[in-house]
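S.K.: The primary structure of each chain is shown beneath.
Number of protein chains: 2
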Amino acid sequence: MRFRVLKKDDCSKARYGEIETPHGIVKTPVFMPVGTQATVKTLTPAQLKDLGVEAIICNAYHLSLRPGEEVVRDLGGVHRFMGWDRTVVTDSGGYQVFSLRNTIRVSEEGVEFSSPFAGERVFLSPEKVIEIQLALGSDIMMPFDHCVPYPCERDVAKEAMLRTDRWTRRCHTTFSDGKQGGQALFGIVQGSVFKDLRLESVRRLGEMDLDGYAVGGLSVGEGRYLMKEVLDYTIERLPWDKPRYLMGVGLPADILDAVEKGVDMFDCVLPTRNGRNGSAFTTGGKIKLFNSVYREDQRPLDDGCGCYTCRTFSRAYLRHLFFAGEILAMTLVSLHNVHFFQEMMSDARQAVLSGTFGKFKEEFLDVQEKEYSK
Amino acid sequence: MRFRVLKKDDCSKARYGEIETPHGIVKTPVFMPVGTQATVKTLTPAQLKDLGVEAIICNAYHLSLRPGEEVVRDLGGVHRFMGWDRTVVTDSGGYQVFSLRNTIRVSEEGVEFSSPFAGERVFLSPEKVIEIQLALGSDIMMPFDHCVPYPCERDVAKEAMLRTDRWTRRCHTTFSDGKQGGQALFGIVQGSVFKDLRLESVRRLGEMDLDGYAVGGLSVGEGRYLMKEVLDYTIERLPWDKPRYLMGVGLPADILDAVEKGVDMFDCVLPTRNGRNGSAFTTGGKIKLFNSVYREDQRPLDDGCGCYTCRTFSRAYLRHLFFAGEILAMTLVSLHNVHFFQEMMSDARQAVLSGTFGKFKEEFLDVQEKEYSK
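For the protein sequence lines, the chains are L and B, in the order given.
Under our numbering, the residue at position 368 of the first sequence is numbered 368, and the numbers go up by one with no gaps.
Under our numbering, the residue at position 33 of the second sequence is numbered 33, and the numbers go up by one with no gaps.
Simulated from the structure, these hints should not be mistaken for laboratory data.
By construction, the Cβ of each residue, glycine as well, lies at the ideal position given by its N, Cα and C atoms.
Treat the hints with care, since some could be wrong.
[As the list claims (entries may be wrong)] These stretches of chain L come out as covered by chain B in the derived footprint (C-beta under 8 Å, 3 or more residues):
1. 77 to 85
2. 288 to 301
3. 319 to 328
[To be verified] Using C-beta positions, here's what the derived DEER-type ranges look like:
4. L:Asp74 / B:Pro149: 46 to 52 Å
5. B:Thr356 / L:Asn291: 42 to 48 Å
6. B:Asn291 / L:Glu112: 28 to 34 Å
7. L:Leu6 / B:Arg73: 50 to 56 Å
8. L:Asp85 / B:Thr103: 52 to 58 Å
9. B:Gly223 / L:Lys49: 22 to 28 Å
[Said to hold, decoys possible] In silico contact screen, one side only, chain L against chain B (beta carbon under 7 Å); selected entries:
10. Thr39
11. Thr42
12. Pro67
Taking the hints into account, I'd like the entire structure generated from these sequences.
M.R.: Now the structure itself:
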């Protein structure tokens, strides 16, 4: 994997760059639609390509439980399995495993938990998590991190951060032994909302030859103000020449704030989850299609939008599909929402290139912020 | 609407033709995917076009209840509403209304029933059913017919057939007053499995200047043998120069049998319903993706198939999507199934053109019949 910063914004820390993986170029800042189960919900790979998507993120933990990483490997790896020949990032599943809370047993060796399917006990270690991702054959892999909820006691956050560091070293060893040309391993900065813990996490991870740095443990209930604060002191200490990835974020306003601070990569379920719920992102704010005001509204979701959904269908038709329980409704609004995020990132990159990111962000959020940041 | 028979098969009553509607040419024999709620379930109009679909059938009764025919009319008619600029046939909803059985009150004037939504009483008359279809703006409309279940007493079947005739005359009057250039109204032959009733129905409907003739009240439990018998004596008495439409059929074997008897049009929910249930039509028989034998099967659904699903995904991947509860599974298998029916009809037309329909049918069903006609 190679990463190049090609342009820095004149008035902020925002940057334009390119990540080159074995499956193509990913222009940054990038938003990656989530394909947990090796599918971006409701959309075909052909539709994702038409939307200009260059990278998606799948989940190693989920795919290991079902259909099993050996099945995916034997079928040619995750790209061939899901018919997606562009970049695939895999999350380790640390976040998901630690969300199981009551059923898990954490030791230095790893985590034991009950499978949500048959209920049998499953054991995941840092080594195993990398072996899964190597079997999947993803382009960018994430280490097994110890995630803590918010709020979190300082000593618990510290222990989790230190364990994440030790686990990342074990991940790195397994990765270095097994990686094939161009595959990458990132680190994940932990430390909850404690500045000294975050900085120690950055320092420790910096000792390893990792290909990029993610900020984990945010957008878990700490609120937008605290998240911004953590990003402020964390991002600027990450290496300039490595991609920076804010995991699980998020809302347009939060993404653009983070781009301004120098973050390069994002992922979130929002465009597809909201799409399935009948909630559309538009330049004029959020549209909830179940609202009766759209019953006879012949306008597209977003007047200026060039996506297939907006070129073809009215709000009234989409609303009808939702009320009729038609699956196509979910597909069409998911498609529009992913397009919305793609366009937002494309415009952000153009703004960085022309040195006008601050102005772009301000104008974009003028409307968005009122709608989304409540 | 214009219909031309361009070629008759040398050894059977099968024929190749073209229906020209205000929204294009429909090559016959044709299979029309069902879009009850103004959407062919899980598929976009763009995907249907790519599959070569030239006509779909929507349901006037359903669209009248939701979103209401005035809404569709005010939004530019059903074509614009659903983003489909090719031919739209609308069924009247007679079949659906009479399926409500216990809650309906039938009189010579029409049918009163309880809306399945709010429960309020709704009244449909022959005139109203045509007014709905005129508001929708479909290309080919169906009259309000009195459908009877199977088995059915002879006097009940006779009364329903005669009422269908009287209602069709009223439909025809309303249609003639309201139709716009090129719109068509078909008749629906009723009479259950009683030969003299069917023939009387054909004779009576023949007195009207209708644009085509459908055979209704079949594929309702009478079984394949009785259906063939009814078609045998009914189809040959229908006018040669008008399209013949076998409603709600069906399985590949039944379709090809009917093509051989001179039927031109078909519709059925099977390709999309089976697609959503994980059941795929293939040249080698039915594939049920929940079956464990497909767990690591890297072959496409159908080896010789050129559809997007088969070009891109393995059976193992599709099975994974179904087990993961992913909506994309339904889309991909529906897409394949519609493609299968499109190809079957395209091959059937080619066979008629080259005078080899009998041979084509025999070879096609060699495999299919074993699988589907049980």
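S.K.: With reference to the structure, classify each hint as holding or not holding.
M.R.: Evaluated hints:
{"no.": "1", "hint": "77 to 85", "result": "holds (count 3)"}
{"no.": "2", "hint": "288 to 301", "result": "holds (count 3)"}
{"no.": "3", "hint": "319 to 328", "result": "holds (count 8)"}
{"no.": "4", "hint": "L:Asp74 / B:Pro149: 46 to 52 Å", "result": "51 Å, holds"}
{"no.": "5", "hint": "B:Thr356 / L:Asn291: 42 to 48 Å", "result": "57 Å, violated"}
{"no.": "6", "hint": "B:Asn291 / L:Glu112: 28 to 34 Å", "result": "32 Å, holds"}
{"no.": "7", "hint": "L:Leu6 / B:Arg73: 50 to 56 Å", "result": "53 Å, holds"}
{"no.": "8", "hint": "L:Asp85 / B:Thr103: 52 to 58 Å", "result": "54 Å, holds"}
{"no.": "9", "hint": "B:Gly223 / L:Lys49: 22 to 28 Å", "result": "47 Å, violated"}
{"no.": "10", "hint": "Thr39", "result": "5 Å, holds"}
{"no.": "11", "hint": "Thr42", "result": "5 Å, holds"}
{"no.": "12", "hint": "Pro67", "result": "5 Å, holds"}
The structure shown violates the earlier hints numbered 5, 9.
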